[in-house]
Amino acid sequence: MVIERRWKKWFYFYIPLAVFIVFTLFPFYWMGVTAFRPDPELYRSWRAANATPFWTLDPTIEHFQGLLASTEFLQWLWNTMLIATVSTLISLICGMFAGYALARLRFRGSEFLGTAIFITYLVPQTLLFIPLADIIRNMHLGNTPWALMLTYPTFLIPFCTWLLMGYFKTIPRELEECARIDGATRFGAMVRIIFPVAVPGILSAGIFAFTLSWNEFIYALVFLSSVDQKTVPVGVVSELIRGDTFFWGQLMAGALLGSVPVALAYSFFVEYYVAGLTGSVKG
Amino acid sequence: MVAGAGGAAGAALPADRIVVSRWTRLLENQRVLAVALLAPGVIILVVFIAYPFVMAIWFALTNISVGQVGEFVGIANFTKAWEDTIFQTAFKNTVFYTFWATVFKLSLGMWLALLLNRHFRFKRLVRASMLLPFIIPTVLSAFAWRWMFDPTFSVINWSLYHAGWITDRLPFLSNGDWAMWCAILVNTWRGMPFFAITLLAGLQTINPDLHEAAALDGANAWHRFWHVTWPLLLPVTLVVVVFSVIQTFSDFQLIYVLTGGGPANSTHLVATYAYQIGVASGLLGEGAAISLFMFPVLFGVVWVQLRYLKRMEGA
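If you read the sequences in order, they're chains A and R.
With numbering that gives the first Met the number 0, letter number 156 in the first sequence gets 155, and the count goes up by one each step, no holes.
With numbering that gives the first Met the number 0, letter number 90 in the second sequence gets 89, and the count goes up by one each step, no holes.
Some clues are possibly wrong.
Partial list, computed: chain A residues near chain R (C-beta under 8 Å) [to be verified]:
#, residue
1, Phe-19
2, Val-21
3, Thr-33
4, Pro-123
5, Trp-213
6, Leu-250
Treat the hints as calculated values from the structure; they're not laboratory data.
Here the structure is a predicted model, which means the values were calculated and not measured.
Glycine residues also receive a C-beta, built at the ideal position from the N, C-alpha and C atoms.
Sequences and hints are given; from them, build the entire structure.
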């Protein structure tokens, strides 16, 4: 009986879970191994007798050195960080204000506005990138970080608003009413009472927005042209593939380094991120 | 009690602050405050979503290209795209890609959610690391996949060959059909955690008593899933599927990195083809028209979602 149950647990639980873990994490392991593998080993055919694909015998940091020496990778990293941070902040502020208004204030058209904002949440970037590129150019924002700092909020504000609106609704009205009775203005009560209470929700929206900005690709690809303005994903794509040649070692080194900041931010705020993720769909 | 305290404070107020600025008083009005609070977000959304949307329709009706003012051409761009065999392939691909990727993401994500819902050692660590494909920028992880699918240096070929399952390499990205399935695999890999974690959150709200009661009534694991878990998870599932369908249908970056639409334009999606025509070739009008072909589908999905939300609020 016991033996049968243990067998069952392996079959139905441990083995599938292990397969899922390997499937999920192997590409990252592969990224790491490739980044530290010297070139002769990297370009050894899969049929070569001495191929050791799953590890490397003499790890090297030459790809990282090459990456930093031959490209403006650090500049891209800085650009991405700056753009992600600023667009997250803009979206958070707009989202906190709009979310509060929709959750708490009574005014005509509030339902319509809520729905409209929800719909913009579902507009993908690929629908509008062509006219948007033209608009950005006409505003003289092309090839500047502002092109992205102002357009990333289009997909971040709706989601921040929606998430924070849900969060504000869970805060008891009495808290605010007490402050108002003590003489606070509506605005003051919002800033000094509601926002501090909503910090977990704000953190969730913020960390989620940050990872989304870090991940964005098509706007960055279309709106930025000079090498020193690029973000990490675009820089890696456009500068590490020259003609038909892929610099795999440097590509993987770049992918690894480009993933570290966002992975770190994620690891510090896992719980908030998950709350943001699940909240973003439940609204 | 509350009313008394309020009255006292109210009475004390005017003495405290005689000077109340006009702005402060204006902002006490709910409607004025609402307008002020909503303005920044709404302005950004109008300027960078509503306006471009109108412009997209205008572009699509003209023959505008880079550096050239467009002339009105009616629906010529739409009919041209509709008759273009590459566009037809791209549209079919998009539907195919969205359908299968969503099926896999939902089924594997559900399975993973059920596994993660159990108690085991390092549960938190495993759950957190499962989300990594969703966090790491898609472009960067897609490069890792592309390297794994490399014709000459593929680690997958190496493994299968040494396991004795294949004698020659598999044409991962060099054959159109294979490449499409590879893209679906990578999309599933990337999107599955989103399904798993969201469904897991849904699973955690299900009262375990329900399962116990069902088990006492003699339901086996499959029946318990099908008659207890699945119906209760349905609302969350629907929402997650809608989000995923929209993201997958409008996907760009994964195909751009993995195949670039090749080999021989066989793996283009609507978005990558719109990029090729609108940006790479500079035919803004045609590119905008191609993008807009996504709109009816996205609109339909959003409409279903909104109706569903309304029904939830009514219930």
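Item to check | Enumerated hints in conflict with the structure, sorted upward | outcome: 2
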